[in-house]
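Please model the complete structure; the sequences and the hints are all you need to start from.
So the chains spell out like this:
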Amino acid sequence: MTASWPIVALILAPLLAAAAAFALPRHGRQAALLANLVAAAALALLARQIVTGGLQTHDIGGWAAPLGIGLRADGFALLMLVVTMIIAAAVSLYALRYFLFSHDPEAAHRERYFWPLFLFLWSALHALFLSADIFNLYVTLELLGFAAVALVALAGGREALAAAMRYLWVSLAASLFYLMGVALVYGQCATVDLPLLATRASPVPTLWVALALMTVGLLAKAALFPMHFWLPPAHASAPAPVSALLSALVVKGPFYILLRLWFEAFPVVMTPVIAQALGALGAAAILWGSVSALLQPRLKLLVASSTVAQLGYLFLLFPMVTARPDSFLAWSGGLLFLGAHACAKTAMFLAAGNILHAAGHDRIKDLDGVTHALPISAFAFGLVGLSLAGLPPSGGFAGKWLLLSTALAQGQWWWVLVILVGGLLAAAYVMRVLTHAFARVPEPTPCEAIPPIMEWTALAMAILPGGLGLLAHAPTEWLRLGAPILLKGSGL
Amino acid sequence: MTTHGLVLLGILFSSFFTGLVIFFLREDNHRLRVWLNLLGAGLKLILVAALLWGIHQGYHYQLSFDFLPGLPFSLGADANSVLFVTLSSFLWFWTTLYAVGYLEDSPHRSRFFGFFSLCVTATTGIALSANLVTFLVFYELLTVSTYPLVVHRGTPQAMRGGKIYLAYTLAGGAVLLLAVAWFHSLAGPVPFKERGVVQTLIAARPNELRVLFFLFILGIGVKAAIVPLHGWLPRAMVAPAPVSALLHAVAVVKAGAFGIMRVVYDVYGVENAAKLGLMQPLALAATVTIVYGSTLALFQDELKKRLAFSTVSQVSYIVLGVAILGPISTIGGLVHLVHQGIMKITLFFCAGNYAETVGIHRVSEMNGVGRRMPWTTAAFSVAALGMIGVPLLAGAVTKQYLKLGAEQAGAPWVGWVLAASSLLNAAYFLPILWRAWIKEPPARWPVEHHFGRWETHWMLLLPPLVTAALVVWAGIFAESSFSPLAWVKLIAAREFAP
Numbered sequence: 006m007t008a009s010w011p012i013v014a015l016i017l018a019p020l021l022a023a024a025a026a027f028a029l030p031r032h033g034r035q036a037a038l039l040a041n042l043v044a045a046a047a048l049a050l051l052a053r054q055i056v057t058g059g060l061q062t063h064d065i066g067g068w069a070a071p072l073g074i075g076l077r078a079d080g081f082a083l084l085m086l087v088v089t090m091i092i093a094a095a096v097s098l099y100a101l102r103y104f105l106f107s108h109d110p111e112a113a114h115r116e117r118y119f120w121p122l123f124l125f126l127w128s129a130l131h132a133l134f135l136s137a138d139i140f141n142l143y144v145t146l147e148l149l150g151f152a153a154v155a156l157v158a159l160a161g162g163r164e165a166l167a168a169a170m171r172y173l174w175v176s177l178a179a180s181l182f183y184l185m186g187v188a189l190v191y192g193q194c195a196t197v198d199l200p201l202l203a204t205r206a207s208p209v210p211t212l213w214v215a216l217a218l219m220t221v222g223l224l225a226k227a228a229l230f231p232m233h234f235w236l237p238p239a240h241a242s243a244p245a246p247v248s249a250l251l252s253a254l255v256v257k258g259p260f261y262i263l264l265r266l267w268f269e270a271f272p273v274v275m276t277p278v279i280a281q282a283l284g285a286l287g288a289a290a291i292l293w294g295s296v297s298a299l300l301q302p303r304l305k306l307l308v309a310s311s312t313v314a315q316l317g318y319l320f321l322l323f324p325m326v327t328a329r330p331d332s333f334l335a336w337s338g339g340l341l342f343l344g345a346h347a348c349a350k351t352a353m354f355l356a357a358g359n360i361l362h363a364a365g366h367d368r369i370k371d372l373d374g375v376t377h378a379l380p381i382s383a384f385a386f387g388l389v390g391l392s393l394a395g396l397p398p399s400g401g402f403a404g405k406w407l408l409l410s411t412a413l414a415q416g417q418w419w420w421v422l423v424i425l426v427g428g429l430l431a432a433a434y435v436m437r438v439l440t441h442a443f444a445r446v447p448e449p450t451p452c453e454a455i456p457p458i459m460e461w462t463a464l465a466m467a468i469l470p471g472g473l474g475l476l477a478h479a480p481t482e483w484l485r486l487g488a489p490i491l492l493k494g495s496g497l
Numbered sequence: 007m008t009t010h011g012l013v014l015l016g017i018l019f020s021s022f023f024t025g026l027v028i029f030f031l032r033e034d035n036h037r038l039r040v041w042l043n044l045l046g047a048g049l050k051l052i053l054v055a056a057l058l059w060g061i062h063q064g065y066h067y068q069l070s071f072d073f074l075p076g077l078p079f080s081l082g083a084d085a086n087s088v089l090f091v092t093l094s095s096f097l098w099f100w101t102t103l104y105a106v107g108y109l110e111d112s113p114h115r116s117r118f119f120g121f122f123s124l125c126v127t128a129t130t131g132i133a134l135s136a137n138l139v140t141f142l143v144f145y146e147l148l149t150v151s152t153y154p155l156v157v158h159r160g161t162p163q164a165m166r167g168g169k170i171y172l173a174y175t176l177a178g179g180a181v182l183l184l185a186v187a188w189f190h191s192l193a194g195p196v197p198f199k200e201r202g203v204v205q206t207l208i209a210a211r212p213n214e215l216r217v218l219f220f221l222f223i224l225g226i227g228v229k230a231a232i233v234p235l236h237g238w239l240p241r242a243m244v245a246p247a248p249v250s251a252l253l254h255a256v257a258v259v260k261a262g263a264f265g266i267m268r269v270v271y272d273v274y275g276v277e278n279a280a281k282l283g284l285m286q287p288l289a290l291a292a293t294v295t296i297v298y299g300s301t302l303a304l305f306q307d308e309l310k311k312r313l314a315f316s317t318v319s320q321v322s323y324i325v326l327g328v329a330i331l332g333p334i335s336t337i338g339g340l341v342h343l344v345h346q347g348i349m350k351i352t353l354f355f356c357a358g359n360y361a362e363t364v365g366i367h368r369v370s371e372m373n374g375v376g377r378r379m380p381w382t383t384a385a386f387s388v389a390a391l392g393m394i395g396v397p398l399l400a401g402a403v404t405k406q407y408l409k410l411g412a413e414q415a416g417a418p419w420v421g422w423v424l425a426a427s428s429l430l431n432a433a434y435f436l437p438i439l440w441r442a443w444i445k446e447p448p449a450r451w452p453v454e455h456h457f458g459r460w461e462t463h464w465m466l467l468l469p470p471l472v473t474a475a476l477v478v479w480a481g482i483f484a485e486s487s488f489s490p491l492a493w494v495k496l497i498a499a500r501e502f503a504p
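Line by line, the protein sequences are chains X and U. In terms of this note's numbering, the first sequence is residues 6 to 497. In terms of this note's numbering, the second sequence is residues 7 to 504.
FYI, nobody ran anything at the bench for these hints, they're computed from the structure. The beta-carbon is built from N, C-alpha and C at its ideal position, and this holds for glycine as well. What you were told as hints is all true, and nothing was included just to trick you.
The calculated DMTMM-like cross-link candidates involving lysine to aspartate or glutamate, where the alpha carbons are at most 25 angstroms apart (straight line), are:
| # | chain 1 | residue 1 | chain 2 | residue 2 |
| --- | --- | --- | --- | --- |
| 1 | X | 370 | X | 164 |
| 2 | U | 169 | X | 371 |
| 3 | U | 281 | U | 214 |
| 4 | U | 169 | X | 448 |
| 5 | U | 495 | U | 200 |
| 6 | U | 169 | X | 373 |
| 7 | U | 445 | U | 461 |
Just some of the chain U residues that point at chain X, by a computed CB distance under 7 angstroms:
| # | residue |
| --- | --- |
| 8 | 180 |
| 9 | 184 |
| 10 | 187 |
| 11 | 188 |
Quick look at the structure:
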């Protein structure tokens with residue numbers, strides 16, 4: 006029991022900090038700093054425990070499942086937690102200057118609400134990754150959704166509020182679907198605990214319906230094509246650090262639950278047809294998102310559409326893992342891709358935020374010569390582009406390579422084509438921006454200076470996925486840690 | 007063993023780190039940037055020399071680690087790598103010097119030299135790659151790092167040229183990725199090896215191997231500018247002269263030719279490739295490219311465009327040499343990797359000098375330029391005559407070996423192709439020389455810059471003179487043991503050893 010405090014601390018530290026930031030509005034930054042330090046220390050400890058001891062669990066109040074609520078951390082959760090930690094730290098740094106810098110008369114007001122909401126969202130994410138039962142996951146999903154909607158609305162203005170409202174409705178409806186599914190599952194199996202469900206599930210109609218409901222809800226929240234419509238306006242109109250959080254982490258939460266549901270709790274219900282259908286939606290998302298990114302007039306909308314496309318790659322995991330549940334290559338490829346995309350999208354939204362603030366707008370065709378004023382942000386944007394386009398040696402390349410090899414090894418060549426075309430389209434939309442940014446014009450876009458920390462944070466986050474490809478071996482090895490369920494303890 | 011591997015890393019990092027540092031230098035920090043550039047280039051040359059010495063002593067150089075599960079990132083130095091790495095690091099040194107002189111007082115120099123260094127890092131990486139995946143990594147890195155150089159001037163033409171360049175090379179890269187991943191799923195993470203690694207697959211999967219070979223050549227052929235994949239090369243000549251020199255002689259086109267060499271010799275192996283019937287189509291593609299490039303070069307009035315089409319044609323000499331089965335034609339093809347490099351870089355240096363010093367961009371403006379700039383024009387003439395295949399110059403050695411090799415391999419038609427190409431080469435180069443030396447100069451040059459003592463800035467003049475001297479040396483001393491030819495003979499002996 007005593008050894009499991011890191012799990013609890015990971016959830017409580019941001020939560021308490023959120024409460025503190027709410028109660029003491031002028032000390033939001035200090036609260037965030039403290040949350041960062043505690044979470045980093047707890048995560049380091051948890052990582053050591055998982056590496057040495059495998060699966061870590063904590064039963065709240067000492068009651069074990071099915072009576073109590075269980076928390077647990079395996080290698081997969083660890084990967085998600087580490088990615089979350091990196092991005093939360095970057096966003097915290099960036100937000101130190103972001104709100105102060107803008108000329109908005111309400112900036113102080115916005116910053117006041119940003120810190121508690123951000124910390125709350127962070128806590129919800131940690132709880133989501135550490136939860137071991139599907140009802141608890143529902144709760145974290147709701148908390149995550151509310152925090153995210155409130156953060157979008159923080160930008161103010163009609164556009165942002167409309168996007169936030171739409172996001173709210175989708176989120177609520179999706180949660181409802183998910184909750185109905187949970188109720189059906191509970192009725193059938195009399196438990197909500199993931200590992201227990203795995204032993205009790207059988208392919209019966211009730212579970213089919215339940216899983217269909219839950220999956221639809223989660224797909225809507227994860228913005229998989231064709232339920233992605235709410236994402237671009239919401240992610241594009243939010244303040245830059247919020248956009249980064251939403252695209253990098255928030256949409257990954259429901260995806261994480263989907264993987265846990267299908268491959269941990271209900272692998273017996275999964276059929277190749279379902280898997281291929283999910284993969285096909287992913288492929289459609291890649292193509293649709295990339296093409297719409299090519300057509301977007303505004304930079305942040307382009308980045309948001311790119312998120313729609315990149316999320317599609319994650320769903321290629323389903324057909325590949327279903328064909329061979331112990332395929333370590335597919336798992337590591339998909340999840341490496343997830344991590345690389347999270348870092349890349351953070352960097353891209355932060356860089357786009359810098360450009361938006363410096364130039365006063367983000368119309369792509371009017372950004373000629375913006376590199377003059379913002380060389381670091383433009384460079385970061387280009388570097389991230391490498392990862393999105395899957396060019397080596399980026400993390401995006403590593404993930405794509407693993408997915409490609411798996412698809413080839415399994416003879417599912419149709420995904421190969423989608424992956425290759427998606428990479429070229431990504432290169433094309435990144436180039437669309439860079440062509441303007443690097444153009445030498447007599448009068449470059451007039452820009453204000455940006456606080457250095459905002460530029461450097463964007464660059465640091467860009468370097469991470471840019472070079473991750475060469476050091477990708479270690480993070481993929483984490484997936485094996487304490488993960489007997491996902492990988493079936495197999496080696497390949 | 008480990009210290010030996012570190013030399014390879016050193017060769018890569020000598021330009022990588024200088025590149026990174028240069029990015030962050032202030033624009034006006036001219037002196038430091040020049041010193042860093044030359045330091046990086048010099049250090050790389052020294053390390054390459056150490057590598058050559060070590061290989062001569064019989065050391066093996068190898069460095070490998072898994073960067074993904076079951077996917078080793080591995081560097082090594084075999085005879086082929088050494089040929090290319092020596093060429094590129096030597097020419098890089100002189101190109102750096104040239105670029106420093108060329109870009110004096112132009113904006114964004116830190117950015118330029120940063121990417122310049124990354125570009126040569128990628129090129130040496132290609133040379134030192136010991137398996138296909140590593141090759142792919144550096145191959146794509148090369149694409150990415152040359153793009154900012156091509157569009158450096160930021161003009162609409164430059165941006166358009168850059169876009170076309172990227173469209174071609176990224177599409178080629180995607181095809182190569184597919185080929186590498188597919189090959190990987192068949193054969194596993196095999197290292198490059200003389201005589202190839204597909205022996206066991208030939209019987210079981212001949213058709214898959216054929217399709218794969220096609221994909222490999224399609225992917226790599228974009229950089230090697232094989233017709234019809236050459237469209238980007240003439241358009242990319244909007245780049246500044248040192249970049250053109252780099253593209254045509256040191257990095258991009260060379261990387262393509264080198265890649266084809268790797269695939270044929272060290273992935274498939276010539277004998278296996280011949281068994282699969284892959285060599286005739288490749289030879290045919292090379293032949294078409296040689297004739298097509300030379301013919302189009304005839305019609306270009308813009309000097310750099312004429313040189314670009316000439317490159318299209320000349321690089322396929324390498325491919326042709328590879329495609330004809332037999333040790334002697336192999337020698338001819340491989341040695342042209344070096345010979346084409348030193349000749350073409352001289353020509354581009356000179357073209358840059360004409361443009362910078364007297365504002366000449368077109369062949370029709372070159373009347374009498376030999377009197378204004380005798381040294382530059384002399385270097386130009388040596389390289390042009392070498393291209394035509396005049397005896398005692400580098401190009402003649404290539405053509406002689408190709409011709410002999412083809413006869414030996416029972417493909418005498420190659421002799422006709424070479425003769426036709428030489429004729430075309432003469433037809434597009436000799437008029438230039440005639441204009442430059444014999445015709446009367448105009449009363450005024452389009453632009454006139456004076457650089458004190460010499461006809462142009464010494465940093466612009468020295469590099470072409472050095473490389474032109476090399477063209478002569480590689481021709482006259484071809485049979486000595488200190489020539490590109492001597493090294494290439496060693497490679498051929500290993501590939502064809504019984």
